[in-house]
Amino acid sequence: MHCKEVMQRINDSVAPDGEMLKHIKTCPDCARAFKAASILTGALKGEKENNIKTTPISEFRNRITERMKEKNKESIMSIMKNRINQRSGLVTGLSLAAIVFLFIVLVPFSYTTTVGYELQYTGLNNVDITQAQITQALTTFGYENVDVQLAGGNCLISGLPNKQDAIEMAIAFKALTGSMVEPEIKPILANISGSLYAQVKDRIKIDVETEDKTDEEIADEITTKLKKIYTNPVVVVTTIDEGRKIVIKTNESDSEITEAEIIELLLDSDGDISFETPAKAARLGLDIDTEGKTADEIKAEIEAKLAEQGEDGATVDVMTDPDGKHEIRIKLEKEKTVEE
Amino acid sequence: MDNELFWKLLEPIHPKAERFCRKLLGNRDDGDDLYQEAIINAMTRFDTLKDKNAFQPWLFRILINNFKNRLRKPWWTRITFRSRISDSNINVDPRQQYDSRRWLERAMFALPPEDRAMIVLYEIEGWPISEMVSIFGKPEGTIKARLWRARRKMRQKLESYPENPSSENDDNTDTKFGGNYALQRSDATDK
Chain A
1201 MHCKEVMQRI NDSVAPDGEM LKHIKTCPDC ARAFKAASIL TGALKGEKEN NIKTTPISEF
1261 RNRITERMKE KNKESIMSIM KNRINQRSGL VTGLSLAAIV FLFIVLVPFS YTTTVGYELQ
1321 YTGLNNVDIT QAQITQALTT FGYENVDVQL AGGNCLISGL PNKQDAIEMA IAFKALTGSM
1381 VEPEIKPILA NISGSLYAQV KDRIKIDVET EDKTDEEIAD EITTKLKKIY TNPVVVVTTI
1441 DEGRKIVIKT NESDSEITEA EIIELLLDSD GDISFETPAK AARLGLDIDT EGKTADEIKA
1501 EIEAKLAEQG EDGATVDVMT DPDGKHEIRI KLEKEKTVEE
Chain B
8 MDNELFWKLL EPIHPKAERF CRKLLGNRDD GDDLYQEAII NAMTRFDTLK DKNAFQPWLF
68 RILINNFKNR LRKPWWTRIT FRSRISDSNI NVDPRQQYDS RRWLERAMFA LPPEDRAMIV
128 LYEIEGWPIS EMVSIFGKPE GTIKARLWRA RRKMRQKLES YPENPSSEND DNTDTKFGGN
188 YALQRSDATD K
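Note that the protein sequences, when read in sequence, are chains A and B. Residue numbers for the first sequence follow this note's numbering, so the first one is 1201 and each next one is one higher. Residue numbers for the second sequence follow this note's numbering, so the first one is 8 and each next one is one higher.
One or more hints might be untrue.
What the hints assert, rightly or not - Straight line, CA to CA, 20 angstroms or less: simulated EDC-like cross-link-like pairs of lysine to aspartate or glutamate:
#, chain 1, residue 1, chain 2, residue 2
1, A, K1245, B, E112
2, A, K1248, B, D37
3, A, K1499, A, D1517
4, A, K1248, B, D122
5, A, K1445, A, D1420
6, A, K1269, B, E44
7, A, K1248, B, D39
8, A, K1248, B, E138
9, A, K1248, B, D106
10, A, K1281, B, E44
11, A, K1271, B, E44
12, A, K1269, B, D40
13, A, K1374, A, D1328
14, B, K15, A, E1259
15, A, K1235, B, E112
16, A, K1248, B, E132
Claimed, not checked - Calculated from the model, a selection of chain A residues having no Cβ within reach of chain B, i.e. all distances over 12 angstroms:
#, residue
17, I1279
18, F1303
19, N1325
20, T1424
21, A1514
As the list claims (entries may be wrong) - Covered stretches of chain B, going by a simulated chain A footprint (3 or more residues, C-beta under 8 angstroms):
#, segment
22, 20-26
23, 41-48
24, 106-113
25, 119-133
26, 150-162
It is worth saying that the hints were derived from the structure and are not from the lab. Each residue gets a CB set at the ideal place from its N, CA and C atoms; glycine is no exception.
Input sequences plus hints: build the corresponding full structure.
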């Protein structure tokens, strides 16, 4: 008898005869297979003969009832835990979301933002006033945290929180000193370390619908909205092959425009516009030459310029005292008094 | 759900279903846990069973599916403290029973879940193949072939182990395991 035949018999569970046993005694491979088959048969038989005592059905029913009650009492956390265990993809998704959230909120990045403005005067040779007097006068006007440095015909006024305050300060300075020197208004930029969330929070959102509108209409709408934030924004909308290109210069008259104040957008043809822009910008700027003008003329000019900047509801009062000095009161959303 | 009907149908097959689960997992605690989980599953799905006469194969299908799902769980959720003693048969030599189970566990480990269920039902629980057809939804010939392959696989697995619990009696393997040499199941009438 050959090995192949013996193995076939072992696999077919055929009882061995004398010839097969004779071969097994002389062939180690067949002997090993035969022995393993015997062990397996014995193990299966032993397990079959092992009569396990089973649980009475009444007792088992009670167990199931209790288990079902417990299952109904499962907390939300355990349900979530089970769901998460069943769906490995959900675990990955939640973990990724948590990592992204923490990244956005906690990981700091450095970015540049405008933290204030300063006025710089040069050539104030004819001004007959001291630094202390300017500081005292500005404090009287309500500018308490302003720092004034006057030396050698140059004056630097810093500590102005926004551009509107800087412009108002320039008018107040002009009235106080009688100088006709125009100041240079400089934004104070600071490199800030903050999370992405902090950067987004530091910007404001502009939404514009573009459906059935021409480039000019879109530009007008964006300009009107930007005027509530910037002094003289310039918006150019052009239709290109891919859609529309929008270039926004947040302040035409500002000579110190930073890169952050020029926004370029490329949009699909029918997509509504939604973009964000730095929130720390001057809300209002007025540049009025009062020389040789009457109170009514000054008032008319201020009202016209305010209207240009989208401030239609402003109340302007201009009064002239016997010395020829003008007192200008502009009432906007928040009341500010400017004297000249 | 008709709760009373469910329990009435379960009552006659409860002992073999419980025993099947314990033998499938090789220990009482895991087996009982599997059985309870499967019964709760079956209760929640009982309304979907149209033919109540097919309760037994339907329940065993659920048991086997629960067993498969259990094996798919991560290994660390499957660790339990086993109590083997409670399953022991007092009429059998404990040492011999331990060796026998050790070999069987090793051999069964080589099989996929469904083949393991087939071996337990046929070789240990002694079910006729004709009844297994309705559980596995396969023809008799397929089940027989799978049982043959499963058994060969188990035997080959045992061949790969160098140590042998019965090494002190190598020449008498034909009498030590199961008395007389018998590769065939004693009541394998439909084989």
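Broken hints, by number: Every hint satisfied by this model.
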